[in-house]
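Engineer: Starting from two chains that each stand alone, build the complex the way the hints lay out.
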Amino acid sequence: MDPPPAIELRGLVRRFGERTVLRDVSASVPAGATLAVLGRNGAGKSTLLRILATLLRPHAGEVRVLGEALPARAFAVRARLGLLGHDPLLYRDLSGRENLTYHARLHGVAIARVEDVLEAVGMRERADEPVRLLSRGMVQRLAVCRVILHRPSVLLLDEPLANLDPAATQLVAPLIGRASGATRILTSHDPQAALAEADLVLGLEGGRAAFLTEPGRVDREAVGRLYA
Amino acid sequence: MREERAPGSWRTTITVLRKDLLLELRGLETVPAMVLFALATLVVFHFGLNRDTVDGQLAAGVLTATLLFAAMLGINRLFVAEREQGGFDAFLLAPVDRSALLVAKALALFVFLAVLEVIAVPAFGLLLLGTSLGPPLLGLIAMLLLGDVALAVIGTLVSAIAVHTRARDLIGPIIGLPLLMPALIALARGIGPLLAVHGSSWPPARWVLILALYDVVFALLAYAVFDFLLED
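Listed in order, the protein sequences are those of chains A and B.
According to my numbering, the first sequence is numbered sequentially starting from 1.
According to my numbering, the second sequence is numbered sequentially starting from 1.
One chain only, chain B, in its complex shape (with noise of 0.2 Å):
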């Protein structure tokens, strides 16, 4: 028996997250390839600058290079599906909210980048870092999360422009890599600190700030805009 209205946006915010979820266990294309760049670039950091270990604001501009590279082959690949295999039709064509798209998309980079830190930052730690990732993990994790949220977010958004247009390989990070360099900055000063060698356990309040004030503002504008990027 068909149900009498449309499903609300949350309903389909949660239908898209998990295809792309499932879309991404079947084939095993993105996270693996973000997690195998991520540890390649840790690798040539470890014998580019030809020391065995690194801390403080040197161990933060690495682990933030480090992630943001891998971050912009997710992003790269996030509407590849939907582009090749007819998605944003089938979508479009569907009596639903199309921001939904938009928070879909965003939730399932963030997860990506989630499984990227699980790897990625023990790697770090135990190739690169000169001191323990015990005391700091907490504020480490915060500030990594609030980095996640606005390469999620940003990230969706550059990869919706992109994604219609010929070179977009190029105009992802074209584009995404100014709008980033804020939160990026933010990011690295944030947990400099915290990798410090008797640093602080939770990272200076004024990063913080400033990276959840980015969030939320490229969150409303994201939200304000997308509807117009599906337009034909």
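Just chain A, same shape as in the assembly (with noise of 0.2 Å):
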């Protein structure tokens, strides 16, 4: 017998106001795999990662994480998720140090791994500065930091590399990467990035899928219609 999927959607609808969002989206995922989500700005995207958060309620459909149904079993999955989104969720006017501290305790984390996970993507040294006097590929550092910090089983990634240059890149990618073996949904604007790390590939449209399939499979027309 298969063993159950990490993440499993189906018939998945958002809306805001009047407006849809996302419609009818279904999707299944094993553990371990890595499911990439194509589409325009305002295709459903960072929707779709905020109700596998448990930051979205859905208005219809099923949606499970790690076999818990969302979102009545929202509190037994959130030690497992991992977001890394557009915003870093870390306080301005605290250091990388005092944000990662607070993060810890949060998730009943020990405060040595705030120094393991700042030595990894290189940031001891300046992990005592405020966060607002950091570059943005520095604070986008911190913010994997905050995300693998608690060791969670689902990487929920939007964007993960933006604002990294290529050094920053390489520290980061493995904490983040297929080595990490987490489950991950990862969004990105590079369609080609995407492709290379993923195991399936939903592309959606006008917060439809437009399809689900492998990455050999994808076709590349349907890609490009996506962003037209």
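Fair warning: there could be bad hints in the mix.
To be verified - Footprint (simulated), chain B over chain A, 3 or more residues, beta carbon under 8 Å:
no., segment
1, 19-28
2, 103-109
Said to hold, decoys possible - Reference listing, derived: stretches of chain B covered by chain A, where coverage requires no fewer than 3 residues with Cβ under 8 Å from a Cβ of chain A:
no., segment
3, 20-28
4, 92-106
What the hints assert, rightly or not - If you only want the chain B side, here are some residues facing chain A, beta carbon under 8 Å, derived:
no., residue
5, Thr12
6, Thr15
7, Ala81
8, Gln85
9, Gly86
10, Gly87
11, Asp89
Please keep in mind that the hints were generated in silico from the structure rather than gathered at the bench.
We put the beta carbon where it would ideally sit given N, CA and C, even for glycine.
Structural biologist: So, in structure tokens, the structure goes:
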């Protein structure tokens, strides 16, 4: 018998007021696999990630993460999720170390782990500076630290390498890449980069699933239409 | 090494409170503004009433109004960092009891109000009060602390509602002032006799009980509804 999928969506619908942002989206992601979600701005990628992160409620359909139904069992999965979105979720007047210590305490993680993740992204030297004084790339590295601090089983990554230079990308990529061993949902405006990382590809067009397939079977024209 | 379970409510409360106090120490945005506003209000009362001193119920009204106006500044700013810097999402992503955010924010506001009063009440004594603060000091502190609980609990609840709206600077006072009115009346009536010439040293029990009861009722109400305010 196949193991249950880490993430399962069935007929997912989400509206904001009159506007339907996700319509009847279904997908299944095995544990340890990477799903790349492609689509232009406003296609519903970030909304999908926020629903999976338990920050938004679906209006219809079924969502299961790590076998737990959302939103009813949201509390049970939060400890095992990591969301890296457009906002780093860091307080600008606190230092990187203070921010990460705060997150470590919220997640019940030993404070020593903060030093490990800072070391991993090459930010120990700058960790005592207020976040508002750091470059966007450095803030993104701290955001990655926040996400991996509690060793999540599911990584929800919205443009994770944005603002990072090649050197920083090399440091960060293994932490949130395939080597992390986590199930990953990845969005990117760069379809080629996303396809290279993915085991499955979901194309979103106007909130609908235009296709869900393996990267090798992706119709290049269909991808082109998503961004047209 | 990772600990096996999520932090308890009290530990989460302390974590959020510590972060809020640290943010205020770094930014000095809220408490100095509250103190400045209170001092300016006392000066306006001093000249507006055209009296060198006030006492009794008039003094209680002046002090209560001054503290209320200053408190509204703190209430309006209570969730600003959470809204502008992603603090809400960060908290909601953690496997913690959401009520801890209510308790931590109410405690932070309570601390801000206490610091405000440490400066504003002596200033009130110097600028306006026609009687000594010495004899009724304990009773005054007790009533102010009960008033602070009402301001902190209702203020946190209102601020959590207002922060998600577009007109948040208006919504806070519009919802908050009517809800706070009974507590403020009890506070003013309670401290009036303390500030009278040859007044009593302890507030009337009736107003102490009313204020305490109001605190308890709103603390329970806030605890019951706060989770729903954090839902999308």
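Engineer: Against each hint, give a clear statement of whether it holds in the structure.
Structural biologist: Hint check:
Restraint check on the segment 19-28 of chain A versus chain B: 0 residues with Cβ-Cβ distances below 8 Å, three needed, restraint violated. Given as covered by chain B, the segment 103-109 of chain A passes the check, having 6 residues with a CB less than 8 Å from a CB of that chain where 3 are the minimum. Coverage of the segment 20-28 of chain B by chain A holds. Counting CB-CB distances below 8 Å, 4 residues qualify, and the rule asks for three or more. Beta-carbon proximity to chain A at under 8 Å applies to 5 residues in the segment 92-106 of chain B; the threshold of 3 is reached and the given coverage holds.
Interface hint at B:Thr12: satisfied, since its Cβ lies 7 Å from the closest Cβ of chain A, which is below the 8 Å cut-off. Because the beta carbon of B:Thr15 sits about 4 Å from the nearest beta carbon in chain A, less than 8 Å, this interface hint is met. A least Cβ separation of about 6 Å between B:Ala81 and chain A falls short of the 8 Å threshold, and the interface hint therefore holds. Hint status for B:Gln85: holds, given a least beta-carbon distance of 5 Å to chain A, under 8 Å.
The beta carbon of B:Gly86 is positioned within 8 Å of a beta carbon in chain A (closest approach about 4 Å), and the interface hint is therefore held. Proximity of B:Gly87 to chain A holds as hinted, the smallest CB-CB distance being about 7 Å (cut-off 8 Å). At a threshold of 8 Å, the smallest CB-CB gap from B:Asp89 to chain A is about 6 Å, leaving the interface hint in force.
Of the hints listed earlier, the one the structure fails to meet is number 1.
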